[in-house]
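Student: Sequence:
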Amino acid sequence: MPESMPVSDQPYPPGLPALFEVVRRLRAADGCPWDKEQTHESLRPYLLEETYELLEAIDSGDESKLREELGDVLLQVAMHAQIAADEGRFDAASISEQEAAKMVARHPHVFGDREVRDAEDVLRNWERDKLAAAAAAGVAEEAAELAVATSQEEVFRELGDLLFALVNVARKRKVNPEDALRAAGRRFIERFKTIEALAGERGLDLGSLEPSALEALWAESA
Numbered sequence: 047m048p049e050s051m052p053v054s055d056q057p058y059p060p061g062l063p064a065l066f067e068v069v070r071r072l073r074a075a076d077g078c079p080w081d082k083e084q085t086h087e088s089l090r091p092y093l094l095e096e097t098y099e100l101l102e103a104i105d106s107g108d109e110s111k112l113r114e115e116l117g118d119v120l121l122q123v124a125m126h127a128q129i130a131a132d133e134g135r136f137d138a139a140s141i142s143e144q145e146a147a148k149m150v151a152r153h154p155h156v157f158g159d160r161e162v163r164d165a166e167d168v169l170r171n172w173e174r175d176k177l178a179a180a181a182a183a184g185v186a187e188e189a190a191e192l193a194v195a196t197s198q199e200e201v202f203r204e205l206g207d208l209l210f211a212l213v214n215v216a217r218k219r220k221v222n223p224e225d226a227l228r229a230a231g232r233r234f235i236e237r238f239k240t241i242e243a244l245a246g247e248r249g250l251d252l253g254s255l256e257p258s259a260l261e262a263l264w265a266e267s268a
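For the sequence shown, the positions run 47 to 268 when the numbering used here is used.
Read the hints as simulated data drawn from the structure, not as lab findings. Backbone N, C-alpha and C fix where the C-beta goes; we use that ideal spot for every residue, glycine too. Certain hints may be false.
[As the list claims (entries may be wrong)] Per label pair, the in silico range of CB-to-CB distance: (1) Ala146 <-> Glu109: 43 to 53 Å; (2) Tyr98 <-> Arg163: 33 to 43 Å; (3) Glu173 <-> Ala259: 26 to 36 Å; (4) Val194 <-> Ala262: 25 to 35 Å; (5) Pro60 <-> Trp172: 13 to 23 Å; (6) Arg163 <-> Arg248: 24 to 34 Å.
Model the full assembly from the supplied sequences, consistent with the hints where possible.
Tutor: And the structure:
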């Protein structure tokens with residue numbers, strides 16, 4: 047920033063938002079013709095080039111060069127974020143929030159109560175959690191396939207696949223699936239007793255209630 051130009055006279059706010067505001071302006075209706083026509087695909091070579099230049103700056107140990115190249119990479123991020131925002135898909139804020147949430151989830155030893163001894167412990171936990179996440183994704187996939195199954199044979203097969211995926215998640219998480227199932231059964235029984243009590247207090251016949259009324263009682267019993 048030239049020292050002769052006060053911050054108040056800049057066409058952008060100070061700090062981190064500065065670059066994102068400049069990019070927004072460049073891609074506005076009255077902005078730069080070149081910037082306005084860029085797409086995720088057209089920017090691919092620039093992202094690759096700037097990444098390599100950043101790696102070279104890191105290797106050089108030149109602090110000034112490092113700061114400059116980090117800015118060039120950030121520019122690429124800002125461009126891609128603005129392209130998505132212009133198309134109404136997502137924006138820079140949602141990118142930041144999603145990544146922040148992911149980092150919090152990956153660092154339970156900082157944001158939670160998990161304890162680690164050293165960096166090796168962190169890596170081991172990370173790998174274990176990634177395996178568990180992959181297993182959980184398998185559950186979602188199998189559940190989706192079960193939802194669209196039509197024939198009894200398909201339902202039988204997909205239900206088996208879903209149960210297998212659930213057992214795999216339990217194994218990854220070091221949980222006994224039978225114990226978890228028994229505990230879930232106990233919770234269901236206790237919750238159903240609560241529903242029966244609520245219905246009795248209000249003179250309601252559970253057998254004659256509409257599904258929406260039953261769902262409301264179920265939610266209230268939580």
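Student: Evaluate each hint against the coordinates.
Tutor: Taking the hints in turn, this is what the structure says about them:
no., hint, in the structure
1, Ala146 <-> Glu109: 43 to 53 Å, "violated, 27 Å"
2, Tyr98 <-> Arg163: 33 to 43 Å, "holds, 36 Å"
3, Glu173 <-> Ala259: 26 to 36 Å, "violated, 47 Å"
4, Val194 <-> Ala262: 25 to 35 Å, "holds, 28 Å"
5, Pro60 <-> Trp172: 13 to 23 Å, "violated, 36 Å"
6, Arg163 <-> Arg248: 24 to 34 Å, "violated, 55 Å"
Of the numbered hints listed earlier, those contradicted by the structure are 1, 3, 5, 6.
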